[in-house]
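Peer 1: In case you want the letters, here they are:
8 protein chains.
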Amino acid sequence: MIRERVQALLRDVASGAVSADAALAALSSDPVEELAHSTVDHHRALRQGYPEVIYGAGKATEQVLDLCASIASRDGRFLVTRTTDAQRATLAARFPSARVSSVARTVRLGGLADSGGADAPRRVLVVTAGTSDLPVAEEAIETLAALGLGAARLVDVGVAGIHRLLSRTDDLMAAGVVIVVAGMDGALPSVVGGLVRVPVIAVPTSVGYGASFGGLAPLLTMLNSCSAGVTVCNIDNGFGAAMAAARSLGA
Amino acid sequence: MIRERVQALLRDVASGAVSADAALAALSSDPVEELAHSTVDHHRALRQGYPEVIYGAGKATEQVLDLCASIASRDGRFLVTRTTDAQRATLAARFPSARVSSVARTVRLGGLADSGGADAPRRVLVVTAGTSDLPVAEEAIETLAALGLGAARLVDVGVAGIHRLLSRTDDLMAAGVVIVVAGMDGALPSVVGGLVRVPVIAVPTSVGYGASFGGLAPLLTMLNSCSAGVTVCNIDNGFGAAMAAARSLGA
Amino acid sequence: MIRERVQALLRDVASGAVSADAALAALSSDPVEELAHSTVDHHRALRQGYPEVIYGAGKATEQVLDLCASIASRDGRFLVTRTTDAQRATLAARFPSARVSSVARTVRLGGLADSGGADAPRRVLVVTAGTSDLPVAEEAIETLAALGLGAARLVDVGVAGIHRLLSRTDDLMAAGVVIVVAGMDGALPSVVGGLVRVPVIAVPTSVGYGASFGGLAPLLTMLNSCSAGVTVCNIDNGFGAAMAAARSLGA
Amino acid sequence: MIRERVQALLRDVASGAVSADAALAALSSDPVEELAHSTVDHHRALRQGYPEVIYGAGKATEQVLDLCASIASRDGRFLVTRTTDAQRATLAARFPSARVSSVARTVRLGGLADSGGADAPRRVLVVTAGTSDLPVAEEAIETLAALGLGAARLVDVGVAGIHRLLSRTDDLMAAGVVIVVAGMDGALPSVVGGLVRVPVIAVPTSVGYGASFGGLAPLLTMLNSCSAGVTVCNIDNGFGAAMAAARSLGA
Amino acid sequence: MIRERVQALLRDVASGAVSADAALAALSSDPVEELAHSTVDHHRALRQGYPEVIYGAGKATEQVLDLCASIASRDGRFLVTRTTDAQRATLAARFPSARVSSVARTVRLGGLADSGGADAPRRVLVVTAGTSDLPVAEEAIETLAALGLGAARLVDVGVAGIHRLLSRTDDLMAAGVVIVVAGMDGALPSVVGGLVRVPVIAVPTSVGYGASFGGLAPLLTMLNSCSAGVTVCNIDNGFGAAMAAARSLGA
Amino acid sequence: MIRERVQALLRDVASGAVSADAALAALSSDPVEELAHSTVDHHRALRQGYPEVIYGAGKATEQVLDLCASIASRDGRFLVTRTTDAQRATLAARFPSARVSSVARTVRLGGLADSGGADAPRRVLVVTAGTSDLPVAEEAIETLAALGLGAARLVDVGVAGIHRLLSRTDDLMAAGVVIVVAGMDGALPSVVGGLVRVPVIAVPTSVGYGASFGGLAPLLTMLNSCSAGVTVCNIDNGFGAAMAAARSLGA
Amino acid sequence: MIRERVQALLRDVASGAVSADAALAALSSDPVEELAHSTVDHHRALRQGYPEVIYGAGKATEQVLDLCASIASRDGRFLVTRTTDAQRATLAARFPSARVSSVARTVRLGGLADSGGADAPRRVLVVTAGTSDLPVAEEAIETLAALGLGAARLVDVGVAGIHRLLSRTDDLMAAGVVIVVAGMDGALPSVVGGLVRVPVIAVPTSVGYGASFGGLAPLLTMLNSCSAGVTVCNIDNGFGAAMAAARSLGA
Amino acid sequence: MIRERVQALLRDVASGAVSADAALAALSSDPVEELAHSTVDHHRALRQGYPEVIYGAGKATEQVLDLCASIASRDGRFLVTRTTDAQRATLAARFPSARVSSVARTVRLGGLADSGGADAPRRVLVVTAGTSDLPVAEEAIETLAALGLGAARLVDVGVAGIHRLLSRTDDLMAAGVVIVVAGMDGALPSVVGGLVRVPVIAVPTSVGYGASFGGLAPLLTMLNSCSAGVTVCNIDNGFGAAMAAARSLGA
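Residue numbers (this note's numbering), protein chains in the order written: chain A, 332 to 582; chain B, 332 to 582; chain C, 332 to 582; chain D, 332 to 582; chain E, 332 to 582; chain F, 332 to 582; chain G, 332 to 582; chain H, 332 to 582.
Hint data in this document are derived by calculation from the structure and do not stem from the laboratory.
Positions of the beta carbon are idealized from the N, C-alpha and C atoms, including for glycine.
Be careful, since some hints might not be right.
[As the list claims (entries may be wrong)] A few chain H residues that face chain F, going by a derived Cβ cut-off under 10 Å, partial list only:
no.	residue
1	ARG342
2	SER346
3	ALA351
4	GLY507
[Stated by the list, open to error] Derived coverage of chain D by chain H (criterion: at least 3 residues anywhere in the stretch with Cβ under 8 Å from a Cβ of chain H; other residues may be distant):
no.	segment
5	385 to 393
6	535 to 548
The whole structure should be built from the sequences, with the hints applied where relevant.
Peer 2: Structure below.
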């Protein structure tokens, strides 16, 4: 594609339709905006289908506000993850139509009206092993909603009571992608992976007793899954799982 | 589906078309074959589209032969990974039409004639950072071929010479799924993930100097990828990456 | 058992005593209650002898309250572990007859009146290496009491003063199961394991100086115990140790 | 007991029935035999029901022979684990009636004639996730047989094909203790622990891809099991699991 | 010694000077006091020369007070380490003559009047690499003072300015034991170990940047010291280093 | 040099120009100042070109003030890193001409007026992967300024949008040293290292999701960089990177 | 530079001196040669001053030969590291003028005749803590020689005998860059870093007792060096250290 | 001491008894011998009481021979540890009076005739938990013998049979220093440390099942010992423990 643009530009220069200086400018223009503290990648929406997502943790509230304003002005939408209470309050005041989730710790402008809605063409099923895994699951669901993808929930169906999962086999079979969120032993993705043919994206969480070591235990479990083709995201990274689902669904 | 079968069976019992004992037998019959040393999951081909794949490492050659024979007799095909030299020799003798790859350490019956062929409907691109990552890449390609999926290779394009990768942007853009195999710093999937919209499946390898710690370094790199939606397989697990690609492509 | 129920049901259907639709409903009914945030496994009391235990950490107080109410309404008892101060206060107000332990951080409805009482048919002895290990020991004792099992305590008998332990050999010999709770070097279970024939369940605690690494040191010690047949629970997991003791005692 | 013996002895001394020197000798005699390289604990058979088990790895063949001879002369039986080929050959020649298992790498004198036999009063069920976990399972079974305990096998029923396990629920329900041996993700004990009430002893194995890190992955999985009361042994330690089962069964 | 006491006692019983019951009581009496929460090892002062030291962290202030009172009543002295502010305030009020160090976080009754004094027969030199290592050094010095051992300080002489250490070679040569406290790279004990013949006890501290991993880095450095015969204590464990010095000096 | 001074001194002694006692004093005088809590290395300015830098973390404000006063009195400048808010306030009041950076957490007396200025003879380029890496970058820039070295910034150019970096190739090419600061996957130094010939100093940061493990992930990435000759500093150690740059530039 | 080439090319196209198609070809031509197994980066010699270095480990001997031939044909020189015996023998036969070092495990064509020679304008000093660190030091020296840089050696001067190092202060002072190679405690770079102003590049080695953990111990030591501005390479990576030295010297 | 030598030398120069040049030479002469591959620290015998000990692992046999010859020529004795079979054979041939231990893997010239003899003034007791720990214990005993220190053995008295240890309390009480060698759980030093007042030097060994992680488990156990004042050496480092014992005994 870039090749075609260069080729066309060169022909225009050869024909005199475009001057050498103008062509140079066109080739040099960088779809990047430099704020004082960040380099916004405006090209990303074109390249990957969604503008750059803002990671709130460790950023000043004003930095987040600047970034949201910059992105919203170009794309009319944004998503911020890992927000603080202060960031959420400030963004809610500045962007009254933004959707704020305190469980998921996200703020988004645009996307699906109902984050768990059934209106998307191909469904994602987000499964959790326990109740404590919900914040990570909600981060995934809000991210999917920002991307225009509907999601269903199947909560608290860990392998210690395997019939809870097996009784929902129909829901599993109907999903286009399954995101499995689990802490502690992280065993659930292996069972799910053996039941469905579609992509299974495993997300370890930091929920658990001491030898979980902040999520290391379920992370290793999932990487060693005996169900072939299960892939793994970073600990507590519901956002990444949603983005992987979107890649798989062509969203 | 299972529910429908039970429902139908019960109606047959109610109508007398099927006796209670026969129905019980039908409900009890398990699509599993018990060998002396293994429990073959013949149901898997129905459930997941491909019969159980045999992991050769740590198994006696006779065990592997038994398993291949059992699976081939039902499904007419098989795939064995992580074979020893002895296993490959024995299987080649027993199954003359099997395809043997000493680089990938695989033996397979059935699948694509040409493992790197271009005859599959949606293409997988397997990218490696270095030459030493080839065995893992080949394991992925042979697995894909067993599943009937064609794959292209892009070898030795690590980020230390970034133009090697960027000059192949067209190939990256054309792929339906990209598998990225890298040892050492494991940085390549992050760059690839920023260039394409499709699923990027990262496979760390155990290639590297001391502080690679057997592949731990690239594994952590990939889990922490700054390109959203990159997912990760186990170290050196080309097989798993291929299975994940197949899940994504609906193969 | 499930097999027998299916068999009986099928005969009833065959004889017309039960309709096909009623049989299907019976086979389909799932002993699971879906709250907004959790899937309560009511079947567990039947399957494992005690209803699902609630893990308080990371749950909202209202979620814990919902779960307690749901379980108490079916089973007339419950146990919550790892409660916060707020959870304990709320539960104490809502369930006046519940027993609250601020040391163990547990709340329970039902079970033994006296958590360390001697009224149970087979005794569990809970041994600690130090005073700082008490909260974990108390979690075990409260859990045992919830299950109707009495327990004796033997506190602060670490191996640095081995005669403290040896002078209590009679108590050790009299126990049906010994739970050994130890931080720091975690050496105590190895000594106890060499003195008694009954199950020895080792629980590492996170008590200790820097190189304890949050309990990793005693965990590894216990896994490598030179006393054969000592088994190990997660760090600080007094609850799990009590459940293992109950499994062993057939409680 | 030791207290009663001291009391009786003192009374005999007081009555003149035993001289002070003889009493001193009796109190001093240590049920320990010092070989050049080892201190045999002959008291263990009295204290724990089975003589000291010999760990073959890292010992010279002559050392192992000495130890076997010393123990056999007192107790008429012995068990050696982790033997080398040379040790097995030498012991087989020296003790023709010993039972040698090259899979389990054990040699034993005495115990059950048929290591997997059904003649023991309470049965142990040894379950494995995969075929490659067999050597560890066999070590457990041979150890149980040495202790006079029969065991049944349930092999290759990992969670990736969960119906293989569920179809054997009756066998699980019938067991007095379940030993679950699993490598890779180590997820199987969590599922088994949710199905049965009896002790579940989990044994991680070193079978797996790179990020198993020699069995660390399934070890952590099992320690973090969401099924309450599952306890854990060291990596590949089938012997320890059998000893724990014996403690639980009162064997 | 115990043997001699038994022999003497038996002779007394034989001669009628001591009754059998009295002898039994003497043999049975255990020098242990059981508080509600602790088992005080009063025998330790006899066995090891100093009463049991109290570890304040994780204990309630009242528990610490009980223990101090129990020990002071028998031995007229005590040492508490890792105290909280509240513990120090309470102990200072209850024991007006106790010495309190807020830097070392210790409280002690008895011992040297001047913790860094030069009045002890053999001197301990406590060396630190940096100023931030002082709290650990002071814990060592206060513990030594409690044991009646004087200590000298040599502070902030890390290897980045090696002449600071070398200019104090005389002090190093004069010491009977050298305790070296260092965080960050933990390199100082290796240099000191090469300069002196006496025991060098290395204490890693948790002072440092990220890759110190809470003191793991200097801990490993010290364990791998190229100066032969350097031994190592736990991270931040100034108390343990002092006790080791006392063992070496026969204190 | 020291050799020459000794030689000259000895000749002066031989000629009688210097007395033996005076020579001894000269040889013995140590360029070290002992405060109560620190040993100031005044010789360092002579030996390494800049006086000892003060690490604020874990030091009392008065200790820091003492050290600053001691160093300023000799050298007329100082640098304090990792300051607390209280330290910065106190130092600003005491040294009104000091430059305080709350982002970098540094206070310095002397050095460049403009920390990011272009007035230094050879330029350092400080590159960050993300906005959250800024505090570490600023610590590097302030340290460089203290040393009289100008620096340019290139912020938020992580590899997920590789064109952001490539569009700034000219800046990269113009730098004398490049410091690359990155958290998460830490992939940026490998790409930069492949683009420039000059020293590339990589600094991992603790910014990231769970499996970053406090910066371990990017640290390992950078140590395993496939770009030859990239070297690595401690996690979050912007100060160390600046000092390494100064060594390379001969500053 | 690339910008200037594009600008010039565009002007030539505008003037008709170059056709659009030729310009496209020029812009598209990739300085990369694709072998069957590798993508040779011929552009690297232009970009970084030395052609791509070949890492022998894990490559087939024929692959190495192909790569050497490809690079030698363009650049007249090559360097292979981590060679096997077979690779060295084959390369020596094929390239009779190549220099082979069995200690360093390198083969190189071109560069300095005498790898430790004094003929380079700015000298590198390679220091080792022990004799066992020599292979890593020699890899660095051979790499430097390939780049045309002379190096001096200072071997076996670990900190346990600090006077061995201090007696060579003149040599340290004279070096332009110091590479310090150390296993075990890895303490040497901290001392060297305090003595010199020039770049100090630390290389940990895998030499040592158990708790070295394959070089992890000295790696962490060096990353935590209390000498500011010391930077670190991967374990055993003498090659990387030499490349870093070359970057610093502008070679 | 060095100070006094300088003072005396200067007075001699002042009086004309020594010329300035001769004094300079005396001050400059370094007690170090540079071989091609090593820098022998001949000063160590003077400084630390025993010449430099040679670590055989990773050295060529000729290098070891050179070092032995160099040291023997000055000091008439030497000690080599971690020798290979070839090194032992070569040294035995070259130094017929050397003592060779294949268990300890040591070769020594000089020292006690009988390594376990009772002829030394203060005794060291070397205790092992198991038979497999013997090689490490023997390395300690041979090192002690080289230093002229006698040692007694107490072998295979691990805590699983605690009476084996307690029955030897007299031997423990009689020792001047106790070295405790243990693998697996590493619990023995904690028990020993509680029984004796003298220095207890703990040596972890790499003996054990998988979760020993090469000796990491007992290493951590020992560092966290609840017996105050136990210090720790590197894994399998019997040599270091002996050197520490010698430091403590003033040998």
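Peer 1: Going by Cβ atoms only, is GLY507/H closer than 10 Å to chain F?
Peer 2: Cβ of GLY507/H sits 36 Å from chain F, so the hint is violated.
Peer 1: Any CB of chain F closer than 10 Å to the CB of ARG342/H?
Peer 2: holds (5 Å)
Peer 1: Tell me if ALA351/H is really an interface residue toward chain F, meaning its C-beta lies closer than 10 Å to one of theirs.
Peer 2: This hint holds: ALA351/H lies near chain F, its Cβ roughly 4 Å from the closest one there, short of 10 Å.
Peer 1: For the hint on SER346/H, does the least C-beta distance to chain F fall short of 10 Å?
Peer 2: SER346/H check passes; min Cβ-Cβ to chain F is 9 Å, inside 10 Å.
Peer 1: If you count the residues of the segment 385 to 393 of chain D with a beta-carbon closer than 8 Å to a beta-carbon of chain H, do you get 3 or more?
Peer 2: Since 4 is at least three, the answer is holds.
Peer 1: Do three or more residues of the segment 535 to 548 of chain D come closer than 8 Å to chain H, measuring C-beta to C-beta?
Peer 2: holds (count 5)
Hint compliance for this structure: hint 4 alone is broken.
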